[in-house]
Amino acid sequence: MNKIFTTEEEILESLEKGREFCLSAESNTRIKAELSAYADLHSIPTAKAIRSRDISIATLFFARSRTYALAMILILISASAGTSFASEKTLPGDFLYPVKIRVTEPVRTALIVSVKEKASWEAELAARRLQEATELAALNKLDSQTGTFLTEEFTARVNSSLAGANTLQTSGDTEASADVRSGLEARVTAHASILALIAEHTDAAPSSEAGSETSAVQSIATEASAVQATITKERIALEVEEVGTVTEPTRVSPEEVFQAVVALTSTQTTSVVGAAAKKPSEASAVANQGGDEEGTLPTQENAERNMLSEDLSGTTQVVPEVPPSELQVKERINTSTTTCMKKNRVEHSTVRETAEKITRTPNKREQERATEIAGILEKNKALIESFASKVPILK
Amino acid sequence: MDQESMKSEFLRAYEQHADEIYRFTYFKVSSKERAEDLTQEVFTELWQELRKNELIKNTRAFLFTVARNRVIDWYRKKKSSSLEVITESGIEFSGDGSDSVTQHAEFFEALSAIEELDDASKEVVLLRHVEGWSPQEIAMFTGESANVISVRLTRAMKKLQELLHVNK
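Those protein sequences? They're chains A and B, same order as listed. Be aware that the first sequence starts at 1, since it is given in the numbering used here, and climbs by one per residue. Be aware that the second sequence starts at 396, since it is given in the numbering used here, and climbs by one per residue.
Please note that a few of the clues may not be correct.
[Unchecked claim] Derived CB-CB ranges, DEER-like: (1) Arg407(B) to Gly93(A): 45 to 55 Å; (2) Gln443(B) to Thr230(A): 19 to 29 Å; (3) Cys22(A) to Ser400(B): 25 to 35 Å; (4) Ala163(A) to Asn464(B): 15 to 25 Å; (5) Gly172(A) to Lys447(B): 52 to 62 Å; (6) Ser403(B) to Lys379(A): 18 to 28 Å; (7) Arg471(B) to Ser43(A): 28 to 38 Å; (8) Leu41(A) to Ser545(B): 43 to 53 Å; (9) Cys22(A) to Val543(B): 25 to 35 Å.
[To be verified] Only pairs whose alpha carbons sit at most 20 Å apart, straight line, appear in this in silico PhoX-like list of lysine-lysine: (10) Lys427(B) to Lys472(B); (11) Lys379(A) to Lys89(A); (12) Lys17(A) to Lys427(B); (13) Lys233(A) to Lys364(A); (14) Lys32(A) to Lys402(B); (15) Lys554(B) to Lys517(B); (16) Lys32(A) to Lys89(A); (17) Lys517(B) to Lys17(A); (18) Lys554(B) to Lys32(A); (19) Lys364(A) to Lys116(A); (20) Lys452(B) to Lys402(B); (21) Lys427(B) to Lys554(B).
Don't read these hints as lab results, they were simulated from the structure. Please read these numbers as outputs of a predicted model, since none were measured by experiment. For each residue, glycine too, the CB sits at the ideal point set by N, CA and C.
Work out the full structure, taking the sequences as your base and the hints as a guide.
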């Protein structure tokens, strides 16, 4: 079949026919299938990791898919094992803080399935923001911008925690809802008091350049106490509605414990104790609104409370006219805190005993709340002390 | 772009360009199997590039460049490989006269003459007259000037006519 080409056109024509020379249908199908499988096997590296570059500096480190995956695994492991990831203890302004805020915590939030646990975790996050504010304030590093950020984050977390509690309530799980509220209240209460202490002292500090810091601490402290007041009020209202009895918010008195600490570190002892004394009356005012059940409270407890306030006034009286030395203050905080903690524990057991006589759950929560608050105070003891020693109370 | 849309775009590119890449590699390596393997490799490389989120302005140019490099790599490997492989590939080439060859008898007639040309001329003739590229496009692809390509093309065609005993 040797065809003789006669013209150039014929050559060109035959060459053009070469365009019909194609992959055979079966090869075409096979290659296509193999390429499709290849594309699935070597899929696009987590597109999100690349896209979210602008979200924070921290995510830049995760631009490579493997690193990202590895980091995720590490976070998961650290979260599940309960060990703290490097970023866990960071403060705003730290290098790894964005990791904590944008990666570690959201990942944990995303991993929690149950509404109750999620709401509790949100409460924990709210507490963390206040803890950070406290630590920054103690270091005198809390500027107004960070303060605003932390306040916003705090209120956002509180709101989602409360939203979770509401969801639980509407779904009929009032028990879980009350647990969440109680935990949140305890955390906010403890942190609000610490912040109040610091705000008070930065206010007292006559440092001129600390103007902005002072206002930042004060605003976040105000916000925290406002939130705390709201939560407490809500809880009391709910208890009134459901149980018909009111467990007084100050019956177990971790606040008083703390204010005893405050009292010792402050020159304005009377006002603080005054405030502490005001609290129960406020609470009973609320209680009166919702149907007075004061009379059902065991007298034993009233006696205990009186004992504690005696103790408080006793320590108040000990504060001499002459300002104490730094060492003395420290010593007193130590002894006062430990004795008050002890006293608190004693009261816990009594509360439990009496609680079983009336209604079990609210008192159990009271106790848990007290433990939580005591724990947070204990955790911050060193900070409060160091802060107290820095404060010019000897002026 | 997510995996699915990227993949469908990739497979669309395959459907569009697979045949011309296959032809291009086939003309260079003269073996269907080898050309199929090379075609697959070329598209694998395209996927890798898409995956890296690299912007490919001209998919066709990219594919041809990769194909060209792959063929060069293959020749290098072939040179260093055993005699057995070379003869094997020779057998494959001569034994290639199956269905597709008889279907495109005239083309293969011309092709056997083209085989006599040097590689550069062969490439120019194929791209110009089979694939229908303009001399400018070929110049862009090979990185030479359009003039050089035109001259080479004219000479190659003259040589081809001589080889095929075209009566003037």
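Now for the hints, and whether the structure bears them out:
no. : hint                               : in the structure
1   : Arg407(B) to Gly93(A): 45 to 55 Å  : 50 Å, holds
2   : Gln443(B) to Thr230(A): 19 to 29 Å : 57 Å, violated
3   : Cys22(A) to Ser400(B): 25 to 35 Å  : 27 Å, holds
4   : Ala163(A) to Asn464(B): 15 to 25 Å : 60 Å, violated
5   : Gly172(A) to Lys447(B): 52 to 62 Å : 53 Å, holds
6   : Ser403(B) to Lys379(A): 18 to 28 Å : 55 Å, violated
7   : Arg471(B) to Ser43(A): 28 to 38 Å  : 32 Å, holds
8   : Leu41(A) to Ser545(B): 43 to 53 Å  : 45 Å, holds
9   : Cys22(A) to Val543(B): 25 to 35 Å  : 30 Å, holds
10  : Lys427(B) to Lys472(B)             : 18 Å, holds
11  : Lys379(A) to Lys89(A)              : 13 Å, holds
12  : Lys17(A) to Lys427(B)              : 18 Å, holds
13  : Lys233(A) to Lys364(A)             : 19 Å, holds
14  : Lys32(A) to Lys402(B)              : 11 Å, holds
15  : Lys554(B) to Lys517(B)             : 11 Å, holds
16  : Lys32(A) to Lys89(A)               : 52 Å, violated
17  : Lys517(B) to Lys17(A)              : 16 Å, holds
18  : Lys554(B) to Lys32(A)              : 38 Å, violated
19  : Lys364(A) to Lys116(A)             : 18 Å, holds
20  : Lys452(B) to Lys402(B)             : 17 Å, holds
21  : Lys427(B) to Lys554(B)             : 26 Å, violated
Of the numbered hints given earlier, the model fails hints 2, 4, 6, 16, 18 and 21; all others are met.
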